[in-house]
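Here is what each chain is made of, one letter per residue.
Number of protein chains: 2
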Amino acid sequence: MKTKATVLSPATIANIVCGFDVLGLALESPCDEITLTMHKGPLNITIENLDSFQLPTDPTKNVMGVALQALLDTLEESYTCHIASKKIIMPGSGVGSSAASAAGIVYAANAILENRFTAQELIEFAKKGEQLASGSAHADNIAPCIMGGVTLVHCNDPIDVVSLPYPELFIALIHPQIELRTSDARAVIKSQVPLTKAVRQWAHVAALVAGFTLKDTALIARSLHDEIIEPSRKLLIPHFDQVKSLALASGAIGGGISGSGPSIFMFCTDAASAEKVANKMHMVYDSHHMESKKYVSKISATGVHVTSLI
Amino acid sequence: MKTKATVLSPATIANIVCGFDVLGLALESPCDEITLTMHKGPLNITIENLDSFQLPTDPTKNVMGVALQALLDTLEESYTCHIASKKIIMPGSGVGSSAASAAGIVYAANAILENRFTAQELIEFAKKGEQLASGSAHADNIAPCIMGGVTLVHCNDPIDVVSLPYPELFIALIHPQIELRTSDARAVIKSQVPLTKAVRQWAHVAALVAGFTLKDTALIARSLHDEIIEPSRKLLIPHFDQVKSLALASGAIGGGISGSGPSIFMFCTDAASAEKVANKMHMVYDSHHMESKKYVSKISATGVHVTSLI
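Line order of the protein sequences matches chains A and B.
Just so you know, the first sequence maps onto residues 1 to 310 in my numbering.
Just so you know, the second sequence maps onto residues 1 to 310 in my numbering.
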């Protein structure tokens with residue numbers, strides 16, 4: 001049996017503007033790197049952080065620890081595990097930092113265990129990590145992280161995830177360097193919505209799913225509107241309107257808040273325009289003397305993947 | 001120039017359970033038969049009803065008259081028009097009776113006018129008829145009637161309709177012989193919905209669109225749930241729960257209220273099971289000593305079509 005797996009676990013964009021809590025996609029980069037060592041022996045999980053985020057090393061308080069424990073709990077045999085985690089994806093950035101940890105660790109364990117679990121089972125384990133991180137066991141970041149591509153979480157419990165086809169798209173992402181907790185971003189959302197707005201939202205969601213599946217980028221562009229979540233959440237993100245309008249004017253076909261923010265993503269149809277859009281968004285924060293990090297990435301067809309298994 | 005067109009204009013199923021106000025499909029039958037005669041001359045519309053529904057013959061109070069007038073208003077030349085309409089689709093049945101009239105007449109006029117209008121333009125004209133019939137210019141029945149197949153009305157104004165691919169499906173339809181006005185069926189719907197229910201609804205809509213587009217009947221079956229409209233509207237339809245549960249137990253993969261009701265439709269994957277399901281639904285109303293009409297149909301790829309043009 002192999003005993004040591006290293007995975008690259010990517011950032012993910014949940015919601016994709018109108019698909020709040022149901023749609024998500026995986027990026028090619030940035031990725032966290034997680035190495036798991038598993039030997040048969042007394043149940044024990046140790047965690048070593050190879051980054052500067054100072055996340056808890058107590059496995060009951062760490063997303064990776066909790067997700068791995070959920071997987072280990074289903075096994076007859078017991079294992080002594082060591083996790084070495086080098087996070088690149090900053091917690092609280094809105095691109096699925098906790099999901100990358102939760103999905104990455106169970107994916108690594110599954111590689112060592114010769115892929116005995118299905119993707120759906122891995123999602124269930126990883127959800128326990130999301131529960132710890134945000135108080136809510138959502139799969140909208142985990143699903144694309146584990147399955148790659150664009151995913152629809154049709155049902156969260158029991159998990160029912162659909163992989164959607166999609167056209168080639170490039171993503172420009174800007175991460176203003178403020179931390180926005182998922183729980184705070186959830187708190188601003190109204191619990192009741194007018195039916196008229198809900199209908200328009202599911203028209204957009206339906207059109208976006210059709211646009212992905214039919215690989216119709218013009219339809220994707222027309223459907224990237226959110227009248228329910230964005231109007232509340234954007235108030236938590238400095239200069240959101242300016243960033244979005246400049247991105248659209250610079251060639252992006254649409255976009256909005258990534259997950260619960262503060263990162264903002266924009267779809268582009270080619271690499272050059274994604275670079276340009278990322279630069280323009282970065283300039284907005286520069287002009288306001290705010291730190292921001294920019295990324296350009298394609299959608300990752302694979303999501304989390306093993307780079308070493310020995 | 002041709003001067004006389006006859007069309008068959010089909011019944012349509014709006015909403016398709018979870019897609020309230022946005023999804024619709026065309027049936028192969030039943031169909032209304034509409035014959036339009038148009039000669040250049042003083043603007044005048046006369047209407048002759050070849051059925052027993054006693055619909056108004058005043059063109060300003062008749063769905064066909066209003067829709068045709070909207071089309072004629074865009075022309076430089078003026079026409080003297082005569083409409084002979086043989087309706088099969090009973091008004092108030094929930095399968096797009098007014099849409100069949102509105103879509104049929106503008107489609108017939110377009111055939112005479114050598115197809116000078118696009119489908120989107122025809123939908124705009126026909127919406128004026130829907131406005132007269134129900135007080136709301138919705139396109140969710142008109143769009144599938146004119147374009148055929150399964151349609152998504154992404155935006156109603158300006159009209160933006162997407163044709164969705166779909167797998168072979170058979171539809172069992174039961175029409176209990178009570179009239180349910182669209183306006184009454186709209187009145188029972190709550191104007192505010194909890195966000196949690198709205199999210200589940202757009203998850204279902206997204207999955208249904210993916211199911212159609214990917215031709216995945218199992219996914220279609222899993223997504224045919226409506227927690228927002230059906231719970232209120234079914235109270236207006238006698239024995240709805242009994243009909244639905246018997247249909248599902250008899251082989252239907254899913255279904256619900258057709259449009260605003262009272263008709264109930266069920267998807268089946270083959271003709272024999274659709275016949276069986278239609279018979280079972282009919283038996284429920286028989287057992288309660290209520291009249292009902294049953295239909296079995298495939299989805300019509302063409303929608304309204306010309307049968308004669310001279």
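Hint data in this document are derived by calculation from the structure and do not stem from the laboratory.
Do not take every clue at face value.
You can't tell identical chains apart in this list, so a pair holds if it fits in one copy or across any two.
Dumping the calculated SDA-like pairs for lysine to any residue here, alpha-carbon to alpha-carbon at most 25 angstroms [what the hints assert, rightly or not]:
no. : residue 1 : residue 2
1   : K276      : A119
2   : K276      : K293
3   : K280      : T307
4   : K190      : P231
5   : K294      : D58
6   : K197      : P158
7   : K197      : I178
8   : K4        : L246
9   : K294      : I159
10  : K197      : L132
11  : K276      : S136
12  : K293      : S163
13  : K298      : L214
14  : K86       : T302
15  : K4        : K197
16  : K298      : A84
17  : K215      : A301
18  : K215      : P158
19  : K190      : M290
20  : K298      : A221
Given the structure is predicted, the values throughout are model-derived calculations rather than measurements.
Here is what the structure says about each hint:
1. K276 x A119: Neither, since 36 angstroms and 38 angstroms both go past 25 angstroms.
2. K276 x K293: Result: close within a single copy only, 14 angstroms intra versus 61 angstroms inter.
3. K280 x T307: Classified as neither: same-chain Cα gap 34 angstroms, cross-chain 57 angstroms, threshold 25 angstroms.
4. K190 x P231: Cα proximity of K190 and P231: in one copy and across copies (11 angstroms, 23 angstroms).
5. K294 x D58: Classified as neither: same-chain Cα gap 32 angstroms, cross-chain 64 angstroms, threshold 25 angstroms.
6. K197 x P158: So K197 and P158 pass the 25 angstroms test across copies only (17 angstroms; inside, 28 angstroms).
7. K197 x I178: Answer is neither; intra-copy 30 angstroms and inter-copy 31 angstroms both fail.
8. K4 x L246: neither (46 angstroms within a copy, 54 angstroms between copies)
9. K294 x I159: For K294 and I159, neither the intra-copy (33 angstroms) nor the inter-copy (37 angstroms) Cα distance is at most 25 angstroms.
10. K197 x L132: Between. Shortest inter-copy distance 24 angstroms satisfies the 25 angstroms Cα cut-off; intra-copy 32 angstroms does not.
11. K276 x S136: Intra 36 angstroms, inter 44 angstroms, cutoff 25 angstroms: neither.
12. K293 x S163: neither (29 angstroms within a copy, 40 angstroms between copies)
13. K298 x L214: The answer is both: 18 angstroms in one copy and 23 angstroms across copies each meet 25 angstroms.
14. K86 x T302: within (20 angstroms within a copy, 57 angstroms between copies)
15. K4 x K197: So K4 and K197 fail the 25 angstroms test inside a copy (50 angstroms) and across (43 angstroms) alike.
16. K298 x A84: neither (27 angstroms within a copy, 58 angstroms between copies)
17. K215 x A301: both (15 angstroms within a copy, 22 angstroms between copies)
18. K215 x P158: Cα proximity of K215 and P158: across copies only (23 angstroms, versus 29 angstroms in one copy).
19. K190 x M290: neither (29 angstroms within a copy, 45 angstroms between copies)
20. K298 x A221: within (17 angstroms within a copy, 33 angstroms between copies)
Against the hints set out earlier in the document, violations occur for numbers 1, 3, 5, 7, 8, 9, 11, 12, 15, 16, 19.
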